[in-house]
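S.K.: Use the sequences and the hints to build the structure in full.
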Amino acid sequence: MLEKLFTLSDQLIRVRDRTYQRQYFSDLTQNRFSILVGQRGVGKTTLLVQHLKNSYPDYLQSRKAIYVQADHFLVKDLSLYAIAERFDQLGGEFICFDEIHKYPDWSRELKSITDTFPALKILASGSSILEIHKGSHDLSRRAIIYRLPGLSFREFIELQADVTLPESSLTDILSDHEQLADSILNIIEKKQERVLALFKDYLSFGYYPYFLEFKDRALFHLTLEQNFHTSIESDLPAVYPKLSGASIKKISKLLAVIASSVPFTPDLKKIKQIVEIGDERTLKTYLKYLEDGGLIRCLSKSGSAMRKLAKPEKIYLNNSNQIMAISRNGIENKGNVRETFFASMLSITGHELSVPVKGDFKIDDDSVIEVGGKGKDISQVWDIKCSYLAADDIERGFSRKIPLWLFGFLKYGC
Numbered sequence: 001m002l003e004k005l006f007t008l009s010d011q012l013i014r015v016r017d018r019t020y021q022r023q024y025f026s027d028l029t030q031n032r033f034s035i036l037v038g039q040r041g042v043g044k045t046t047l048l049v050q051h052l053k054n055s056y057p058d059y060l061q062s063r064k065a066i067y068v069q070a071d072h073f074l075v076k077d078l079s080l081y082a083i084a085e086r087f088d089q090l091g092g093e094f095i096c097f098d099e100i101h102k103y104p105d106w107s108r109e110l111k112s113i114t115d116t117f118p119a120l121k122i123l124a125s126g127s128s129i130l131e132i133h134k135g136s137h138d139l140s141r142r143a144i145i146y147r148l149p150g151l152s153f154r155e156f157i158e159l160q161a162d163v164t165l166p167e168s169s170l171t172d173i174l175s176d177h178e179q180l181a182d183s184i185l186n187i188i189e190k191k192q193e194r195v196l197a198l199f200k201d202y203l204s205f206g207y208y209p210y211f212l213e214f215k216d217r218a219l220f221h222l223t224l225e226q227n228f229h230t231s232i233e234s235d236l237p238a239v240y241p242k243l244s245g246a247s248i249k250k251i252s253k254l255l256a257v258i259a260s261s262v263p264f265t266p267d268l269k270k271i272k273q274i275v276e277i278g279d280e281r282t283l284k285t286y287l288k289y290l291e292d293g294g295l296i297r298c299l300s301k302s303g304s305a306m307r308k309l310a311k312p313e314k315i316y317l318n319n320s321n322q323i324m325a326i327s328r329n330g331i332e333n334k335g336n337v338r339e340t341f342f343a344s345m346l347s348i349t350g351h352e353l354s355v356p357v358k359g360d361f362k363i364d365d366d367s368v369i370e371v372g373g374k375g376k377d378i379s380q381v382w383d384i385k386c387s388y389l390a391a392d393d394i395e396r397g398f399s400r401k402i403p404l405w406l407f408g409f410l411k412y413g414c
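Numbering (the working numbering), first residue to last: 1 to 414.
Honestly, the hints are just simulated from the structure, not real lab data.
Hints may contain errors.
As the list claims (entries may be wrong) - Below, a list of computed lysine-lysine pairs in the DSS-like style, where the Cα atoms sit at most 30 angstroms apart:
| # | residue 1 | residue 2 |
| --- | --- | --- |
| 1 | K102 | K4 |
| 2 | K111 | K53 |
| 3 | K374 | K200 |
| 4 | K64 | K121 |
| 5 | K250 | K311 |
| 6 | K358 | K200 |
| 7 | K200 | K334 |
| 8 | K191 | K249 |
| 9 | K376 | K358 |
| 10 | K411 | K53 |
| 11 | K288 | K272 |
| 12 | K314 | K401 |
To be verified - What follows is a list of derived Cβ distance ranges for each label pair:
| # | residue 1 | residue 2 | range |
| --- | --- | --- | --- |
| 13 | K385 | Y20 | 38 to 44 angstroms |
| 14 | K242 | Q192 | 52 to 58 angstroms |
| 15 | A197 | A256 | 28 to 34 angstroms |
Keep in mind it's a predicted model, so treat the numbers as computed, not measured.
For glycine and all other residues, C-beta sits at the position ideal for the given N, C-alpha and C.
M.R.: Take a look at the structure:
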């Protein structure tokens, strides 16, 4: 059994490895048990494979590490526990389970493996709608959860132009954006690239690393549209098997309603009627499924107590590439694209984003951000302390007017 899995592991690692390495989660292979989650297509498998190779460069000879695709036909009829048991008996140290949410009863198996083989390190990956803390086999006290976002604008440029670029904290961007922009532009221009041209490309197709596989951008956008359906019709039932076919159809209809008018200011009563959902609690649950699956982003009103329980004030799609994918006539709302980009980049920082009375976004109940085009001024939020304008179509800013693209250089967790 294990000999076939080692052969499969070697083949899949070779196929799924990539040259560009994202600098996320350096301790993934050091923890006893880690789970990597993220929406479909953001590069979970690549990151998992790269961590395995970096930690065990001699994995082919030593066989101390193995990659197991949980939904592969060679694996689906095997017990993950039995695989881990045999691997441990042969001196294995590190086992990766990819697409774990596709495997029936995955939480029971991982719990048993963790409890039985204390010397074995486990790294699993799966859908962003994995709810580790729920279910009868609680993994929340055993596993460290890492959430992988799509490519930032900085990473996209590094991938496209073969350069290394600095990350920045939000505080540095707000206070020192002129110097930061100058240093970044100098690096990019040495590669004969222009930041605004790169930014336009990023907004259209740069969030998902697999864009490199498609020369035809229309085909790439088609895959994104298909991912909407797959996330709802396949990933969601895999995690919540009690969801009925009727519920899945309602969730799909809910997403269609939101996508047709983002940024969407929800009227819960009206949505319940359109989607034929009986109560507000069920509607909020469906919205949570869509957000956890990386399809939408919900923001609450600034100053709301218990924001996680409050009605969303605005709903965006998760990233700008999704907007381009569903734009049937090729004409998208630029304001929506800009705001969606800003919300997407801020989401990796750990800062809390909400909707203020004036301006587009409030960060940590402190800074207010207005998002607009080149010709927009800051008059709308001028009288607000710690207010800024994130302006599109400019390479450099001045005073409180900051280039929108620069927020794509935000540092993870800062």
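S.K.: Any hints from earlier that this structure breaks? Give me their numbers in increasing order, please.
M.R.: Per hint list: single violation, 8.
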